[in-house]
Structure formats: C-alpha cells, structure tokens
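Starting from the known structure of chain B, arrange chain W on it as the hints suggest.
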Amino acid sequence: MKIVSSFDKDREYLTEKFRNPSLLPEDSGIPNEDILPRLQELAMQDLDQSMFLAKARLFKFFAENMRIDVNEHDWFPALCCFMHAKRPMSEGIAPRVEAYLKREMPDLLERFTQGFETGVERLWIDYDHSAPDWDSIFSLGFSGLLKRIRHYHRLHRDNGTLNEESEDFFRGMEIVYETILATIDRTIQYGRTHAPEQPRVQEICASLTRLRNGTAENFYDAMMQIYLYFIFCEQVDHIQVRSIHVDELLEPYFQRDIAAGILSEDDVRELLKYFLMQWVSINHAMGNPLYFGGTNPDGSCKISRISYLIMEEYAKLNVPTPKMQIKLDDNTPSNFVDLCLDAIRHGRNSIVFINEQAIRRNMLELGYSPDEARDFDVTGCYEYAVKNGGENVTQSIHCNLLKMVELALNDGVDPATGKVCGIRTGTAETLASFSDFHHAFIKQLKYRLEEICRCADRFEANLQRIYPTLVHSGTIEHSLQVAQDAYSTGSLYNTTMLLCVGFATTVDALMAVKEFVYDRKVVTLSELRDICRTDWKGHEKLRLQVLKSPNKFGNNVKEVDFFAGRLAGFLGNAINLRPNARGGFYIASSHPAYQFIELGTRTGATPDGRHAGEEMSKNISPTIGMDRNGVTALIQSAISIDSARLPGNFTLDVMLHPSSVQGSDGLQAMHALLDVYRKHNGNALQFNIFDEKMLRDAQKHPEKYAELQVRVCGWNVRFNDLPTSEQNAYIERAGKIVE
Amino acid sequence: MKKMSGMIFDLKRFAVHDGPGIRTTVFLKGCPLRCPWCHNPEGVSASPELSYLEHRCIGCGECVSVCPNHAHFFENQIHKFDRARCTACGKCAEACLGRALRLYGRVESVDALMPKLLEDREFYESFGGGVTLSGGEVLLQVGFASELLARLRAENIHTAVDTSGYAPWKAFTQILPYTEMFLYDFKHPDDMLHQKVIGVSNRRILDNLKRLSETGKRIEIRIPVIPGFNDTPDVVLKMAKFLVSLKNPVSVRILPYHDLARGKYHALGKHDTMPLVPPPDSQALKRISDCFLANGIHCVD
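Top to bottom, those sequences are chains B and W.
For the first sequence, the numbering used here begins at 1 and goes up steadily by one.
For the second sequence, the numbering used here begins at 1001 and goes up steadily by one.
In short, the hints are calculated from the structure, not lab data.
Check the hints yourself; a few may be wrong.
Listed below are the simulated DSSO-like cross-link pairs for lysine-lysine, each with C-alpha atoms no more than 30 angstroms apart in a straight line [to be verified]: (1) W:1091 / B:521; (2) W:1116 / B:548; (3) W:1012 / B:548; (4) W:1080 / B:537; (5) B:541 / W:1080; (6) W:1080 / B:548; (7) W:1170 / B:558; (8) W:1091 / B:541; (9) B:679 / W:1116; (10) W:1241 / W:1170; (11) W:1091 / B:537; (12) B:548 / W:1091.
A few chain W positions that, by computed beta-carbon distances, are all more than 12 angstroms from chain B [what the hints assert, rightly or not]: (13) 1080; (14) 1106; (15) 1235.
No experiment lies behind these values; they were computed from the predicted model shown.
We put the beta carbon where it would ideally sit given N, CA and C, even for glycine.
Looking at chain B on its own, in the form it has when it is part of the complex (with noise of 0.2 angstroms):
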C-alpha cells in the first residue's frame, strides 16, 4: 500500500469536513439544509408505524439522498457530515417521540421539566453510552452482520417467539443493514466515477468494497470499518458509539501489515492523523472516546506497540478530542503511562487513567463473572460496561445531593420557587441537634432517590418504543437471541447509572451546619436558613469564615472524610443492585456529567459558603479552592471512602500548577500520585494542570492560546471555545492550586 505523506496539507480539510457542508459535492445528494424538514414532514407520518419501521424508514430517506464524498484530501470517505449537535435523525425522529411520550405518557414530559425547574434532579432519556459488540462487528462485518440478523428472524419465526413488536424490532435492523451497504455501494460508485484516477481515492474504494462484502482485510481496513461503524450509529440510534477498544481492535492487523512489509512505522503513523482527525471534526461536545491497554487471560498487558504509535501521534496533533482512556493495572508498562502523563503536562489534559483493579473489585461485588470483570469496555467520560455488548449502561437521572440539604433546611419546600419538592422534615426551628439535621437531610434524600427511581422505571419499560437502537442492537447476539432491543432489555446486562451530583460540596455543607450551627453555635440553624435564603446578603463575614474553616472535604480532616464515607455508603445502599424496569439494576455513580453546573444553577446559597447559582463539586472532587492542603491530601480524602459504594463512577480530578510537574521529578511526582490512587481503588483520575497567568493571558489574548484545553467534567474544551462566565471558574480555580 502506497502512503504518500500529506497530512499537513490536508488537515485543514480534515478539520472542516463534519463541519462544513458546503465541502460535500452538490451533484452527490440534496443539501444538508433540506435534509432534516424532510425527515420530520416523514417522521410525522403513519404515527401508528412502530418506532422500529419509522426510524428505519427516515433513515432509508436519509442515506439514499445525503450528500456524499470520496476525495483525495482523506483516507475516509464523508459521510453524514453533519455538525454534531445537529444530528439530522436525531432531530428529525424528535417530533415523533415527543408525540409518543405526549401521547404514552404525559406526566413523564412534565416531570423532566419540572425536577429540573427546582433543581432536586435532572431526568432525561439516555442514548449516549452504547459499547457494541466489537468482535461481530470485525468478524462478521456488515453483511456478516446482517446475515445473522436475518438468521435469528427466521429463527424467531420458526419457532413461534415472534410478535408484533419483535417482528418489527427485526424488519427494523434488516432495513437498517441493507441500507447501510446500500450507502457504501453508492460511496463506492461515487468515489469510481468521479475520481477513477486518484490512486487514494480507488484505495478507499477498494477498502469499502472489501468491507462490503466481508471483512477487515488489513490495518487500513480494521480503522476503515471503526470508522464506518462509528458514523452510521451515531447517526441512526443517536448514540455515540462509547467505547472503542483502539489498540486491542487495531493490533493484529498492525502486526500483520508490519510483518508482511505493506505497510511501515511511518505509514501507520501517517494514516493514524487522518483516523484521529474524524473525531476532531465531529466535534462533539464531550468528546469522543477511545480506549487502551487490559488485561489478557494470562494477566499480561495489552498494551503494544500500536498503543504507543496512536499515543505518539495524539499528542503531536494537540487536540481535545477524541479523549484517550488508559487502563491501569500493575501490569501496565511504566513508560507508557509515562508517555501519557508527558502528555498531559504538556497540556493533553484529555488523557484519563481508568483503574483495572477497583473495576474488578466493583465488579466483582455487583455479582459479574471474574472473566468479564477481567476484561471490562471503559465506556463513556471513565465508565465501564461488560465487554463486547455484553451490558448497556444508561445515564438517565441525576439527583442533586446539595439541594438535599437545602430541601433539609427548608422543610421540604424548594425555596427559590416555593414549591413543595421534598417531604415535611420539620422547620429548622425545630432541628434541635446535628444528628436531627443529619436525619431530614438523609430523609428527604431517601425521599428523591425513590422518586427518582420510579420514574426512571417508568420510561425506562419503554424504551424500546420511545427510541429502538437499531444498528447497536444488530451488533449484539444476545439481543437477537431474546428479540430485544439492546439498548433497552436486550443485552446480558441492562443496567441504570443514578448519577449523584456535587458530592464534596454536600459534605462541606454538612461539615459547615455542624461546625457553626451544633458546635461552636456561632448562629442558629433557622438563622443560617435566612442567610442562605438572601444569599449571604450583610452575611459576608460569617459566610468567610465559613469559606475559611479547614472543615472541607479534600483536606485529610478526618471528621469531615467520615461524613464523606458516610454519605457515600448511604448511596450506595441505597442504590446499589436496586432493581430497575429492563430486568437489571441501578449503580450509584458520583459523576454528575454537565450538571455540576447546570442544576448549581437552580440551587441556592449553602451553608458551606457557597452563593446562590454558583457551581458544585464534580466527581469525587472538592469544592473548587477548597482543598487547601495540598494534591496528596486531597487524595488521602478521596481513598478514605470505600470506592465500591460508588461503583458507577469515583473519578478524582487533580489540579497541579505547571511548575510542580516539570523536568523528571515532576513526571516521577505524577506517577506516584496515580499509584496511590489506584492502590486504594480509586476508579478513574484525570489531571488538569493549570497556570493562573497563563488561562488570564488566554482570555486577553485567545489568538495566542488557539490550543489551549482544559477538562470539564470527563471531557475537554478549548479554552477559547469556553463562555467568559465558565473561563473565570477555570481562572479562579488555577489561582488556587497549592504550587
């Protein structure tokens, strides 16, 4: 195979390619702009039509009239370039479900407004965490994949296992498959006729033809068909396909290739740019993930050579996405994580350490088989399903935990809104100890989780008719065997994320009712509700010395860790293996995805110091500044919690200043902070390293700082990209890093 180095000269194309529909040809297909009015005039119609036929029916419109490309700017050919957000099926199938649940299920569509106006949780309809069955999608291939489709519906149909539904659920897939090799035909007819003397382009043909009828023939090909996978499910289930096992899939057909002399170090490395690149330009706003290292059956690492080269080659690119997870045992070679951790102090924050060891353990608690918590997918921002299909994972419900205690001191009414949004607890006047405030804090938490809970479990019953998942589902042997939706009842496991957001700060909430209200009685608790209630208004001195006070998680105090332990083993026993409606159970997960923000927003002042609207903590994370004892306390705080209470997420975010991670000490420093952590089953940790001047001299001057990435919440955002409100988070945060 002939790689002709040029990836300078294209990048600037690979960039736009998602994000520019004027790059498409016109004579391929109608405009972008025409595409998504068509789709919802058709998604209204035959509003009988099960949601398995209508979405395959809007997707046949969909490929056969996209606009499509083959050029010699790319190895990959575009399709469904569409920007991220403005997913055209998602959009267009939108009209349709909202008619479903308006129809099915009114209350529902009251409820996720509702819970969201108050701020006590956050309930949407999840479709953002597939991980497919990677070993059929590389040892069938499309039409391989399809075959065995049609295999279980005849099957199914044979033996009398079919209904209605489940009919559909199949006659769905088939449209879907067909369709699919359907639109690589046309690719593949288009890239012939209007570039037939373009060697890279007939390359490009020649893989999708190879990939048409069968299977991944070589190391561009294995890319190829991640690729192609990648871009018809996002596109037809919505989902983002989670969970891509880069090194392990890639391995064997680098191996191969090297060996047989068809392609050299260099070539792989030049086609890894245009692979990485397509991820760049979609764009997405979380980010897309990709996954390295595990364990095999005989307890080596899999890391290899392959994983070095898309490691290298990622962070010469300096880009936030796609974000790079590495699995973390004993066994992982000391100089790749040192690779990654290079990286990340030279500013790839999207690098994140997923720890093998406390998965097993979790998993092994929950009640998995040893083989399949050996061999986990890391799925999404750091979480982690059965591997190969074998679990879907929703994250449809968050609860917000501060607002627990301002529900607390309010006696179940929601202040702001003077909605009643908890259960009666008593008046503060009337809370006449700590423990009596610990107690309706825990009450009208209790309260929340079970609602929560419930109404989860009443669309998550549905959700194969709210949203089938069509082409993940075709992916998944078990999901054909049972004639269930994957991403609803059909996978081995069907499990439900309950994401508890802003964990630290509830604690220092607490810490602070404890310390100022019960202990040194500085103010009374019906006091302290009037001045949370007016937002510390002529309070500011008693709202400092609350700031002040070392009773904060992430500073070793062990009093405040143990209400920490507390809190977090109350979750999960509340919400651990907790049934819910598909037939598996929930998860406590202590990421709180972008809500840490958005229902801060809709929390007023805390007693932990904190004004009204302002944002919570994240992950296992302190309170933004709070942590004032330096990274290796900060830890201490986050291993003193048994991890396994939160098994659905217990990532810890580390900030450090550049200074203290320069030279080989500081990369010495960073590798020994991971050992801990991981030593004592923290599940994930990310570092952010941060400079104060350097973030105020990006906002002042953003051309010089075009690059510059910091981490969200599990994801990376280009500084620039960020609103000046959330850039002064960030800024004050890197102000307060402990050099």
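Coordinates of chain W only, in the frame set by chain B:
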C-alpha cells in the same frame, strides 16, 4: 533523647523538586547568608515575622479587634498596619478572613511534627520520596534538625537536607548519620565576590563540600543562575572544575533566577534586594549545562 523544638516557617506537602520522589519539605527559619536574590526572604530572620499582602485585604477588621498592640487600625476606612508595633504574635493572621495576613515562624516540637510528616508516607514510597529539611539554613538549628532526622530515619523515611553549607563541620557531623542526601548550594567559586555579594566567605562552604563528598553521601549541587553574577563561561567552568575535583561524583541542578518572590519582600516590610535582571534564557542555561556535561557532571532537570 531530649525533646527538641525548632522554629519553622513552612511545611510543604507534595514538594517535588526538593530531592527524589514526592516529599514533604520542612522550612527552618534563620539564615546567615544574605543572597540578594533569595526567594525565601521569610526564612532569613530567625524570629517570627508577619507578612501582609495588601491586595488581599477585604477590610473585614478582624485583625483590628484581636491585635493586642493596636498594630492594625483603620484610617479613613482603609486598613493600616504599623509594623513597628507588631510583636508577631500571629493572632491577626489567625483571624484574617481575606488571607492577607500570614505569620512566618512558629515553634514546633519534633513530636508535633512527626505525625504531619508521616501523613504522606505512602506517597513517599513510590520513587524514593521522603522528607527534606530546608530553610533558611537548616544547620543553624542543628540540634532540632538532627533529632527530627533521626526520628524520620527510625521510621525508615528517606531524608534530605538542603543547605547553604555555611556552618561548622561539627554541625554536619551531627546530622550525617541521619541524612541520606544533601542538596548543597554552590553560588560562586570566587571568595571575594562571594563575600561582597552574599556577605560571607565561600571557604567554609567549599571546605565542607569537600569533606562531605569524602563521606560518600549522595549530593545534589544546586546552582542558582543569576545573570551577571555567576553565568559567565569562566565562572561556570571554575565551578565545574571544582566539582570534578571532589572525591565522589555529584549531580547538578540548575535553578534559573526569577523574581517571583519580589512581592514577599514588600509583604514582609523588607528592602527588596532582588536583582533587576531578566531570567536567564534557555540558550544560556543550555550553555551552562553543556559546560558541566563536558566536564562529566550530570545535570538533573
């Protein structure tokens, strides 16, 4: 063993450039040298001192209400601080809500320090970390330092001492059994210039370094590169030649001058002695490390 206490001005966890691995550094107060570029001016005096960062003052008035000597007061609603009245009792620093006031210098016993130093024990274990004593000049409080080091060694914690070398050899002998590594400053090879700029002769420093090298202890030489003072090729070459003449090899860490500590002088009410020169550029630093390398001396980054 006698229960010892010492005057310290800071304790820094996650110190990563004060010896190998992750360390906790204890800063001992008091120093006989007067390096104009000193970036720890709060460590020079042996007595406690109050630092006041004016820009952080939020006018909360807590200091005014707790100060027994009326060193803090309001004038036209603006907080004023009269350093002459201050006895550095530290009450105002404790009360300050804006973190504008800070007391440098507190007496700590070895018993009180030990649990704090052991908190990060697990972090020390990776990559040979431990505890470093720095300053100021550690050897000015040699009794306290040696007891602290001995207690740390008894806990099997790696110990390092960061020293200017300006102390009687006897002081070294007291800490030698409990010190596994020395971070040793080397500022200038010429005695006259050393005396003129730093205020003390370098003879004792260099003699001690020779004797220390003979003990076989691990030594990292720390050279603050001050443009116009010790960055010329001939000075660097003289330093390299001296280091090569030592009985055992040493590594060198080059510390480029910066003036980030200038604000500390103002906050402490001290005369700002920091040179008005820009930090050395990367080319100059490379030239210096190349010179050491050419003489067979390893430079750590």
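Cross-check of the supplied hints:
no. : hint            : in the structure
1   : W:1091 / B:521  : holds (21 angstroms)
2   : W:1116 / B:548  : holds (21 angstroms)
3   : W:1012 / B:548  : holds (19 angstroms)
4   : W:1080 / B:537  : holds (26 angstroms)
5   : B:541 / W:1080  : holds (19 angstroms)
6   : W:1080 / B:548  : holds (22 angstroms)
7   : W:1170 / B:558  : violated (42 angstroms)
8   : W:1091 / B:541  : holds (17 angstroms)
9   : B:679 / W:1116  : holds (22 angstroms)
10  : W:1241 / W:1170 : holds (27 angstroms)
11  : W:1091 / B:537  : holds (27 angstroms)
12  : B:548 / W:1091  : holds (15 angstroms)
13  : 1080            : holds (20 angstroms)
14  : 1106            : holds (16 angstroms)
15  : 1235            : holds (24 angstroms)
Hint 7 from the list above is the single one not met by this structure.
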